[in-house]
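Protein chains in written order, with the working numbering: chain A, 1 to 371; chain B, 1 to 371.
The set of hints was computed from the structure by calculation and includes no laboratory data. Mixed in with the good hints, there may be bad ones.
As the list claims (entries may be wrong) - When the alpha-carbon atoms are kept at most 20 Å apart in a straight line, the in silico SDA-like pairs for lysine to any residue are as follows: (1) 371/A / 267/A; (2) 314/A / 287/B; (3) 113/A / 242/A; (4) 188/B / 40/B; (5) 314/A / 22/B; (6) 113/B / 22/B; (7) 188/B / 287/B; (8) 371/B / 270/B; (9) 314/A / 113/B; (10) 314/A / 79/A; (11) 371/B / 332/B; (12) 113/B / 353/B; (13) 188/A / 88/A; (14) 314/B / 328/A; (15) 113/B / 244/B; (16) 188/A / 57/A; (17) 113/A / 239/A; (18) 314/B / 146/A; (19) 314/A / 144/B; (20) 371/A / 301/A; (21) 314/A / 286/B; (22) 314/A / 172/B; (23) 314/B / 172/A; (24) 314/B / 143/A; (25) 188/A / 91/A; (26) 113/B / 102/B; (27) 371/B / 276/B; (28) 314/B / 287/A; (29) 314/B / 222/A; (30) 113/A / 80/A; (31) 188/A / 80/A; (32) 314/A / 170/B; (33) 314/A / 288/A; (34) 188/A / 79/A; (35) 314/A / 87/A.
Listed here are the chains, written in short residue letters.
Protein chains: 2
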Amino acid sequence: MKSGIKSLNTRWGKRDDMIVRTTAPFNSEPVPSVLAAGEITPVDAFYARNHGLFPDIPAAQWQLTVRGMVDTPLTLTFDQLSSGFDHHTVVATLACAGNRRAELLRVRPIPGKEPWEHGAISTAEWCGARLADVLSAAGVHHRDGLHVEFLAPDVAEEARPVQSYGSSIPLDKAMSAEVLLAWQMNGKPLPRAHGGPVRVVVPGYVGTRSVKWVTTVVVRDSPSRNYFQALDYRILPPEADPETVAEGEGISLSALPLNCDILAPTDGDHIPAGAHTIRGWAMAGDGLGIGRVDVSFDGGHTWRQAELHPPSSKWAWTLWSVTVDVAPGPLSITARAWDDTGMTQPESPASLWNPRGYGNNAYARVQLHVK
Amino acid sequence: MKSGIKSLNTRWGKRDDMIVRTTAPFNSEPVPSVLAAGEITPVDAFYARNHGLFPDIPAAQWQLTVRGMVDTPLTLTFDQLSSGFDHHTVVATLACAGNRRAELLRVRPIPGKEPWEHGAISTAEWCGARLADVLSAAGVHHRDGLHVEFLAPDVAEEARPVQSYGSSIPLDKAMSAEVLLAWQMNGKPLPRAHGGPVRVVVPGYVGTRSVKWVTTVVVRDSPSRNYFQALDYRILPPEADPETVAEGEGISLSALPLNCDILAPTDGDHIPAGAHTIRGWAMAGDGLGIGRVDVSFDGGHTWRQAELHPPSSKWAWTLWSVTVDVAPGPLSITARAWDDTGMTQPESPASLWNPRGYGNNAYARVQLHVK
Chain A
1 MKSGIKSLNT RWGKRDDMIV RTTAPFNSEP VPSVLAAGEI TPVDAFYARN HGLFPDIPAA
61 QWQLTVRGMV DTPLTLTFDQ LSSGFDHHTV VATLACAGNR RAELLRVRPI PGKEPWEHGA
121 ISTAEWCGAR LADVLSAAGV HHRDGLHVEF LAPDVAEEAR PVQSYGSSIP LDKAMSAEVL
181 LAWQMNGKPL PRAHGGPVRV VVPGYVGTRS VKWVTTVVVR DSPSRNYFQA LDYRILPPEA
241 DPETVAEGEG ISLSALPLNC DILAPTDGDH IPAGAHTIRG WAMAGDGLGI GRVDVSFDGG
301 HTWRQAELHP PSSKWAWTLW SVTVDVAPGP LSITARAWDD TGMTQPESPA SLWNPRGYGN
361 NAYARVQLHV K
Chain B
1 MKSGIKSLNT RWGKRDDMIV RTTAPFNSEP VPSVLAAGEI TPVDAFYARN HGLFPDIPAA
61 QWQLTVRGMV DTPLTLTFDQ LSSGFDHHTV VATLACAGNR RAELLRVRPI PGKEPWEHGA
121 ISTAEWCGAR LADVLSAAGV HHRDGLHVEF LAPDVAEEAR PVQSYGSSIP LDKAMSAEVL
181 LAWQMNGKPL PRAHGGPVRV VVPGYVGTRS VKWVTTVVVR DSPSRNYFQA LDYRILPPEA
241 DPETVAEGEG ISLSALPLNC DILAPTDGDH IPAGAHTIRG WAMAGDGLGI GRVDVSFDGG
301 HTWRQAELHP PSSKWAWTLW SVTVDVAPGP LSITARAWDD TGMTQPESPA SLWNPRGYGN
361 NAYARVQLHV K
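Construct the entire structure; sequences and hints are all you get.
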């Protein structure tokens, strides 16, 4: 169990062993062994990454406005959304852009950013209406270069200036079958702590674009100018100062990069000698599949292929495992994934360090001790 | 100029300074400085990668058969193809899966494979009919998991068993607007040495799928079983023996991985001290853009951002340049590209070595000397 601020009345129904990074806003990640238990993460273990306090919007009062570059601006109630459009279910993994930031912090400090370890990633079965169907009902314009912005009422004190949360994705992605306006998570009404009554789910994209408590959708001819699109959630060059960079500088995060991690056993574990099954996840870039996962017990000198557990959807992580006999002493485990085009990951977090600590997709490494 | 077998009567109109790797079949790459001259590679400098002797098919005798999972099998003459379908032009970079193999050879030998250096990549303006339009005319079936196979008459003596060349791509890619049955290259009739009268051009995919002298298109429910799809052009794990692997083992190459290279100056050059402009290319995975290119003169300890020259198509490489003052002594230059999702390349060819030497997309490195 890692250290963290615990406050029982603000745990939002999460498991007792969750690592709580901040309580207001609520930011929390599960311990790796809990994530390793299965493809679908239970709601009480699903990571929480937030920039503001949770809005409290009863479904009966929730409304969604669709406006901008559409023929017919719409306002939909929860009943209209959930009864007027076909329902679709997608198993999708969401991951925070800062997942695995702790490894970047060991390269060089990143002031003011949470030291997410292995757990700012989780998988759920989401159910809702296709965003494409709602946009089509509004007569969305079809032109190259359009973007779809999502606005929500949660206020982010950290933004410059203070503002409510927003983000955008390209129209092409917004019109894809996997992008949902979701009101169910793992078969139950979407909890307030995960964006209920209705959130956006953008499978394959960095979690920040899956806007919770969404109330407004705007079709625009440029990306959102919200702080979290135009200034934050960007890969800046190492020498940039995040306090002074101009709007639009750096690489805006969108599709998740090819990545993997080792979930069990984990850093610092003491395990008995003998046979152990090492478990982890791998995920390829937007819509690609995993071709191979290699695991090394000698720092990457030689590799063994892990067994891949076929995901239930192309938008879900691929869990993998490999069983190995381990002898007493220190044990280093390294893992790397290859996508189904033959691309693999960068070796070292040192080469990926960036001023906001996003997008660490270096080889996964854990150090443990065999008794 | 690198060493190579020269035979004037089998140079197929290529520049005198091309590096000829084999004459029959004809395999040849331009020197890097020629590639650096512009976005479009002149035909006389365009790399040539072949597995058999060139078929000699006059346009008037060429025919294309479209069969398999289609409602109406078709046979089209050159006139029917070029007058019966809309013409489309795409600027696209083709790259051999073995480009930059020379760096892998320095890690560990790869017997029987050509030591391609920096030049097994080139860019042309291709003109032809969309494959999608031809498939639609044949009433192609639309189902998940279908593949489109291309067959050609050039016989590959290296295949097991000896067979003519073939390959396939997923139907989704085959139906994309950028995939052509091309009969023009840089505004002129497609030369015999580049697949004339008609070849497939699959932008964003490894060059081996852009089948030259194509005469047959088959819609199938599985990938081609041709040697070059089922056995070769796969990333095998390091310990695999390419002589004994089973059909379908390894990761089949499709979309090109994120990659870059330094073209001028190049390995072993002696250059005077003072200001120099370093030039190279970068290319992102299938349809993505380049977000940033970093260049280092201290082995990757510090980086400078290169200037990006906007490509004329999303299927063309992005040329980049950076001007630097260099002092006398040995000079090492390293480059790496980031795509527009924030993904970058693996650092070292050592971690990418594979038994057939494909897909080297490690950081680009050249060593030269400043006088």
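Okay, the hints, checked on the actual structure:
1. In summary, the hint linking residue 371/A to residue 267/A is supported, as the alpha carbons are separated by about 15 Å, within the 20 Å threshold.
2. Between the alpha carbons of residue 314/A and residue 287/B the distance comes to roughly 19 Å, so the proposed pair stays at or under 20 Å and holds.
3. Annotation: proposed proximity of residue 113/A to residue 242/A holds, straight-line Cα distance about 12 Å (limit 20 Å).
4. Only pairs whose Cα atoms come within 20 Å are accepted, and residue 188/B paired with residue 40/B is accepted, the gap being roughly 14 Å.
5. A threshold of 20 Å between alpha carbons decides the hint, and for residue 314/A with residue 22/B the separation of about 42 Å lies outside it, so the pair is violated.
6. Note on residue 113/B and residue 22/B: the hinted pairing holds, with a Cα-Cα distance of about 11 Å set against a maximum of 20 Å.
7. Pair hint residue 188/B plus residue 287/B does not hold up; C-alpha atoms about 26 Å apart against a cutoff of 20 Å.
8. With a CA separation close to 7 Å, the supplied pair residue 371/B and residue 270/B stays within the 20 Å bound.
9. Restraint check for residue 314/A and residue 113/B: the C-alpha separation of about 35 Å exceeds 20 Å, so the hint is violated.
10. Taking the CA atoms of residue 314/A and residue 79/A, the gap is near 30 Å; set against the 20 Å cutoff, the hint is violated.
11. This hinted pair checks out: residue 371/B and residue 332/B have alpha carbons roughly 14 Å apart, not beyond 20 Å.
12. This hinted pair checks out: residue 113/B and residue 353/B have alpha carbons roughly 13 Å apart, not beyond 20 Å.
13. A C-alpha spacing of about 14 Å is found between residue 188/A and residue 88/A, which places the hinted pair at or below 20 Å, so the restraint holds.
14. A distance of roughly 53 Å separates the Cα atoms of residue 314/B and residue 328/A; the hinted pair therefore is violated under the 20 Å criterion.
15. Between residue 113/B and residue 244/B the alpha-carbon distance is near 17 Å, which keeps this suggested pair within the 20 Å criterion.
16. At roughly 17 Å between alpha-carbon atoms, residue 188/A and residue 57/A fall within 20 Å of each other, so this suggested pair holds.
17. As the CA atoms of residue 113/A and residue 239/A are separated by approximately 17 Å, the hinted pair is consistent with the 20 Å bound.
18. For the given pair, residue 314/B sits about 17 Å from residue 146/A by alpha-carbon distance, which is consistent with the 20 Å threshold.
19. Restraint check: the Cα-Cα separation between residue 314/A and residue 144/B comes to about 13 Å, which is no more than 20 Å; the hinted pair holds.
20. For the suggested pair residue 371/A and residue 301/A, the alpha carbons sit about 24 Å apart, so the restraint of at most 20 Å is broken.
21. Between the alpha carbons of residue 314/A and residue 286/B the distance comes to roughly 17 Å, so the proposed pair stays at or under 20 Å and holds.
22. For the given pair, residue 314/A sits about 15 Å from residue 172/B by alpha-carbon distance, which is consistent with the 20 Å threshold.
23. The straight-line distance between the Cα atoms of residue 314/B and residue 172/A is roughly 15 Å, inside the 20 Å bound, and the hint therefore holds.
24. Of the supplied pair hints, the one linking residue 314/B and residue 143/A holds, its CA atoms being roughly 17 Å apart against a limit of 20 Å.
25. A threshold of 20 Å between alpha carbons decides the hint, and for residue 188/A with residue 91/A the separation of about 14 Å falls inside it, so the pair holds.
26. A hinted pair counts as satisfied when its Cα atoms are at most 20 Å apart, and residue 113/B with residue 102/B qualifies at roughly 10 Å.
27. Pair hint residue 371/B plus residue 276/B holds up; C-alpha atoms about 13 Å apart against a cutoff of 20 Å.
28. Taking the CA atoms of residue 314/B and residue 287/A, the gap is about 19 Å. The hint holds against a cut of 20 Å.
29. Annotation: proposed proximity of residue 314/B to residue 222/A holds, straight-line Cα distance about 19 Å (limit 20 Å).
30. Simply put, residue 113/A and residue 80/A have alpha-carbon atoms about 39 Å apart, too far for the 20 Å limit, and the pair is violated.
31. About 19 Å separates the Cα atoms of residue 188/A and residue 80/A, which keeps this hinted pair within 20 Å; it holds.
32. Taking the CA atoms of residue 314/A and residue 170/B, the gap is about 16 Å. The hint holds against a cut of 20 Å.
33. At most 20 Å may separate the alpha-carbon atoms for a hinted pair to count; residue 314/A and residue 288/A meet this at roughly 7 Å.
34. For the proposed pair residue 188/A and residue 79/A, the alpha carbon gap of about 16 Å is at most 20 Å, so the pair holds.
35. For a cut-off of 20 Å, the pair hint linking residue 314/A to residue 87/A stands: about 19 Å separates their Cα positions.
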